[in-house]
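Undergrad: Construct all of the structure, not just a fragment, from the sequences and the given hints.
Protein chains in written order, with the numbering used here: chain A, 16 to 300; chain B, 307 to 1135.
It is worth saying that the hints were derived from the structure and are not from the lab. Be careful, since some hints might not be right.
As the list claims (entries may be wrong) - Here are the simulated DSSO-like pairs of lysine-lysine, each with C-alpha atoms no more than 30 Å apart in a straight line:
no.: 1; chain 1: B; residue 1: K434; chain 2: B; residue 2: K487
no.: 2; chain 1: A; residue 1: K90; chain 2: B; residue 2: K430
no.: 3; chain 1: A; residue 1: K164; chain 2: B; residue 2: K696
no.: 4; chain 1: B; residue 1: K878; chain 2: B; residue 2: K818
no.: 5; chain 1: B; residue 1: K492; chain 2: B; residue 2: K458
no.: 6; chain 1: B; residue 1: K791; chain 2: A; residue 2: K170
no.: 7; chain 1: A; residue 1: K38; chain 2: A; residue 2: K80
no.: 8; chain 1: B; residue 1: K615; chain 2: B; residue 2: K593
no.: 9; chain 1: B; residue 1: K860; chain 2: A; residue 2: K129
no.: 10; chain 1: A; residue 1: K152; chain 2: B; residue 2: K671
Predicted, not measured: the structure shown is a model, and the values here were computed from it.
One letter stands for each residue in the lines below.
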Amino acid sequence: CKSKYEKLRASNDTAKKYREAIKFYDNKNYSKALPLFDDLITKYRGTAEAEDLSYYYAYTHYKLKDYTTARYHFKTFADTYASSPKAEECRFMAAYCFYLESPTYSLDQDNTLKAMDALQLFINLHPKSERVPEASKLIANLRLKLEQKSYENAKLFLDIGDYKSAVIAFRNSEREFPDTKYAEEMQFLTIKAQALYAGASLEVKQEERYNEAIQLANEFAVNYPTSKYLKEAEQIKKSSEKAIVDVRKLIATETALLEEQNAKIKAAQAAKDKKQEDTKNNSNE
Amino acid sequence: QFGRTGTQQPARPTTTSSEISYLNPQEFTIGGTTVSGTQFLDKSVLITISKLTTGDKIMVPGDATSNAVKNLWAQGLFDDVKLNVAEIRGDSIFFDIVVVERPRLTRIDLLGLKKGEVTDVKAKLNDKTGKVVNENLLKTTTDIIKKHFNEKGYLYTDVSIAQRKDTAEANNMILDITVDKNKRVKIDEIVFTGNKDFKDKTLKKYLKKTKERAFYKVFGSAKFLQAKYDEDKLTLISKMHEKGYRDAEIISDSTYRSSENGVTVKINLYEGPKYYFGNITFAGNAKYPREFLETLLSIKKGEVFSEEKLTRKLSSSPNGDDISSLYLNDGYLTFNVDPVQTKIYGDTIDLEIRMYEGPQYTVNKVMVKGNDLTNDKVILREIRTKPGQKFSKELIVRSTREIAQLGNFDDTKTDPKPININPNEGTVDIEYNVVEKPSDQIELSGGFGGGRVVGTLGLTFNNFSARNLFNMSAWKPLPKGDGQKLSIRGQTNGKFYQSYSFSFSEPWLGGKKPIYFGISAFTSLQSNGLRDSDIDQQKIRLNGMTFTLGQRLKWPDDYFQANTSINLQQYKLNNYNQFIFATGTSYNFNLTQEFSRSSIDAPIFPTSGSNLKLTIQATPPYSLLNNKNYAIATDKEKYKFTEYHKWKFESQWFQRIYGKLVLKAQAQFGLLGIYNTAVGQSAFERFKLGGDGMQGFDYLQGSEIIAMRGYANNAVIPSGSNPTIAQGSGSPIFNKYVLELRHPITASQSATIFVLAFAEGGNTWNSFRDFAPFNVRRTAGFGARVFLPIFGLLGIDYGFAFDKIPGLSDNGRQPFTFSISQALNGGFN
Chain A
16 CKSKYEKLRA SNDTAKKYRE AIKFYDNKNY SKALPLFDDL ITKYRGTAEA EDLSYYYAYT
76 HYKLKDYTTA RYHFKTFADT YASSPKAEEC RFMAAYCFYL ESPTYSLDQD NTLKAMDALQ
136 LFINLHPKSE RVPEASKLIA NLRLKLEQKS YENAKLFLDI GDYKSAVIAF RNSEREFPDT
196 KYAEEMQFLT IKAQALYAGA SLEVKQEERY NEAIQLANEF AVNYPTSKYL KEAEQIKKSS
256 EKAIVDVRKL IATETALLEE QNAKIKAAQA AKDKKQEDTK NNSNE
Chain B
307 QFGRTGTQQP ARPTTTSSEI SYLNPQEFTI GGTTVSGTQF LDKSVLITIS KLTTGDKIMV
367 PGDATSNAVK NLWAQGLFDD VKLNVAEIRG DSIFFDIVVV ERPRLTRIDL LGLKKGEVTD
427 VKAKLNDKTG KVVNENLLKT TTDIIKKHFN EKGYLYTDVS IAQRKDTAEA NNMILDITVD
487 KNKRVKIDEI VFTGNKDFKD KTLKKYLKKT KERAFYKVFG SAKFLQAKYD EDKLTLISKM
547 HEKGYRDAEI ISDSTYRSSE NGVTVKINLY EGPKYYFGNI TFAGNAKYPR EFLETLLSIK
607 KGEVFSEEKL TRKLSSSPNG DDISSLYLND GYLTFNVDPV QTKIYGDTID LEIRMYEGPQ
667 YTVNKVMVKG NDLTNDKVIL REIRTKPGQK FSKELIVRST REIAQLGNFD DTKTDPKPIN
727 INPNEGTVDI EYNVVEKPSD QIELSGGFGG GRVVGTLGLT FNNFSARNLF NMSAWKPLPK
787 GDGQKLSIRG QTNGKFYQSY SFSFSEPWLG GKKPIYFGIS AFTSLQSNGL RDSDIDQQKI
847 RLNGMTFTLG QRLKWPDDYF QANTSINLQQ YKLNNYNQFI FATGTSYNFN LTQEFSRSSI
907 DAPIFPTSGS NLKLTIQATP PYSLLNNKNY AIATDKEKYK FTEYHKWKFE SQWFQRIYGK
967 LVLKAQAQFG LLGIYNTAVG QSAFERFKLG GDGMQGFDYL QGSEIIAMRG YANNAVIPSG
1027 SNPTIAQGSG SPIFNKYVLE LRHPITASQS ATIFVLAFAE GGNTWNSFRD FAPFNVRRTA
1087 GFGARVFLPI FGLLGIDYGF AFDKIPGLSD NGRQPFTFSI SQALNGGFN
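TA: Structure (structure tokens):
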């Protein structure tokens, strides 16, 4: 025996179906309202009720947390009934659905970018809307996510010991988000990564790379004179300076050693040559 | 009337009023719009949709008028839409929209097809419900159905459509489509004309998927499939080009019905002359000298001209020893090579290889896209093209492989792309596009064992995130994305047998270095079902725990891995008479160190690379420390703390030898040593050689099972030993050699199948004095393997054992062995 709801679904009394569907919606029973709307939406196409129906339909998906479908229906509504008083709301909701689908920073940010575009489009289309401040706030939130992603991924290279990659990644991140809240920390971490990179380099390359670290530390001191990282940055600078002195000494001793060896070899060769010459001279005599 | 679209052509002006002309648009105010011709639709809504709102100022003709028709047309409700000017009064214009409504489609009923076919066809037809039923719909529907079956070899499919009014709804139609596939069309004959140097037989071989029918081809398909045939024509020509006939082409081809359900394919060819390579010169090469490039190209003057060989040597060698790879692996991302035919005289072609080296590129950014579940760091840390490195194709390929080995992505869809190529800065960004795939496994099974039903429940999560265990928002449906592995498994048949295990592993412990950390624990129980208090109770309980730390090594090369693990096992026996002692407790506490190197190119069907593994496992030498007199100690005392040291070496090589044929060579050796002769050989950790290699109840003794096809399980015992004891306990020394030829049958997403022929030699010994590595028992045979993602690797082998093992039934022989292995970690069996 079919339940009352099943009978309603199967019936052809569209007017009753419509009334019941709205009732379900108003009573927050969205999962029951949805199948009814599904049936009705094709039947009512091109009729006066279609506008309200698609509005409810989009919201039903939204309430059921199916943001992908909801987004599509909000957008269709806004495009089809562009002159409707609800069009602005639906355009905003379409963008907001993208916003809700934007995942945590460590996953693919495709939806984040799309949400930013959609919200920006909303602001451009409805610059006087009362929803503009909210849209701007949402864009700021999304941007923060991108900043965090960029920062964390650059930091990953530092963590796993790819210092050169870390320096490049931090610089790219700073260039891409100049006003990020991570700017200060990233500049400091760049110094750290650069110094570690220098230390892991071949001796002949070390001086140049440490110098770079020192220069970065100087810039940091100018940019953030009150930074909490300042002390540590100074320390890195000092140890870099010391490392340069050390590596110079090391290279000097090595060169000296090498020269000494060369001299010895030369002397030995000379002695040998002389001996040969002597014997030659002797035999000639 | 000035605008109409009956078909989907742009509205054409048919001017009735001299005031309206496309050459002279004028501004009007809309005075009103009416709709005529509607039967079921609401007029006011149609006016809204047309956007011809009263009071609006519009240009006529203009965008507004053409959009009105377009918008209405887009509703898909009409067979015709016209926009007429009803009246012009001053600067006011009055429109009349004339529509012709058409019945709409309620549904399509397909007749004359099987259920599966109906589903397939419906999927191809998309959903046409609600669309207008007109000629166009009928035609496209017929075409789609015919095409669908043509692709499957039913060339002469009949489709007839009957329209029926839907009584339930006004103005709706149901389509009854009757499909008669008729017989599948096969190829009677393939006829070539115009070929002199190429034999018909050779040419037929080039058509890979288009084959003649013949009585002996039982499985071979002689179906005629247009799409395959079109592909085959291209291969045919490219094969002829490869052989030096670079002018070869198909002049014409036709297929005609030559019997009830057969066609004949006729191909008329132009062969042209056979060409040879002439002088080859290089231009634009600054980095490498001519001589070096010539060696790499390895094409001699006078060789048969082959476009295919040329391209292979220039840019697409599977081994990566082509000229392009040389540059692409060294940062020259925009390297380009173009062989130009400078001179053709007679049948000889002179070539100039023109090269553009371009700048050397450095990687600037690395990005991951498509990771909807797995966190960036899990992928980024495996990638070898990091910022600041020189661009290298080879490293990109290796990164792609490392990503595939994570097991969380569809490895056929991993797509690395160099983007934002900046020639001024010499930088490039690399974007790795991945597609997540479900990697969790659920094992729920019921089986019959020991006269009772055995139930198993196992859960494996391959992309777990322990960090998010208490972060509820990350549960979807479980915390995921950190590449950790968690598995839980329970198996029981009630009171007689219970086994529970748990394991967790993290591939990057601490997140800084690729240090593998694993922890696992298990407990299992087998008894005769009586209570602990019952004196007749027989029971063995095993508890165990393992901690593992693993590290990838950079020396001798970066394919090496070192694993250290600590294992603790406890055996508690009560009246259990199948063991060395019946009642008591024994402990096996050992430290295992393993060095391994794996460079195989695929886990299931490797075609190149090798696997090496050295394992050393040792317990503390208790007997040397505790001053116990083992000569007079009871069994219980003797075996309380098991002591031994165990050495194992395993190696495997894979090499493609001819076509798709792969040779696998394998050698294994294992030795269980003692610290103190008074204690004797350990009862645990011995080797059992022979059979399918499947773990049975033998784990209760901690034995290691080694497969050897052709013999029964545990049948390969040391010669001269007591069969019953040797089979039960296992042996302390073994070795085994395998040579195997493998050939793939299919390698698709859903299944990998290959056949194999093998020769094996292996033996066991009781003491190192007797050990003679080449005195082995020999077997040979053949078999097949099927890999199905849910089941794992299933195998069947037939083996013939050459050497008899006296004292065993059938001399230890067992021709057929079946195997299942779920884990594919190395697979040394």
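Undergrad: Give a verdict on every hint.
TA: Status of the hints after comparison with the structure:
1. A C-alpha spacing of about 22 Å is found between B:K434 and B:K487, which places the hinted pair at or below 30 Å, so the restraint holds.
2. Restraint check for A:K90 and B:K430: satisfied, since their Cα atoms lie roughly 27 Å apart, inside the 30 Å limit.
3. At most 30 Å may separate the alpha-carbon atoms for a hinted pair to count; A:K164 and B:K696 meet this at roughly 24 Å.
4. A distance of roughly 41 Å separates the Cα atoms of B:K878 and B:K818; the hinted pair therefore is violated under the 30 Å criterion.
5. The hinted pair formed by B:K492 and B:K458 meets the criterion: a straight-line CA distance of about 11 Å does not exceed 30 Å.
6. Between B:K791 and A:K170 the alpha-carbon distance is near 25 Å, which keeps this suggested pair within the 30 Å criterion.
7. A C-alpha spacing of about 20 Å is found between A:K38 and A:K80, which places the hinted pair at or below 30 Å, so the restraint holds.
8. Annotation: proposed proximity of B:K615 to B:K593 holds, straight-line Cα distance about 24 Å (limit 30 Å).
9. For the suggested pair B:K860 and A:K129, the alpha carbons sit about 42 Å apart, so the restraint of at most 30 Å is broken.
10. For the suggested pair A:K152 and B:K671, the alpha carbons sit about 29 Å apart, so the restraint of at most 30 Å is met.
Against the hints set out earlier in the document, violations occur for numbers 4 and 9.
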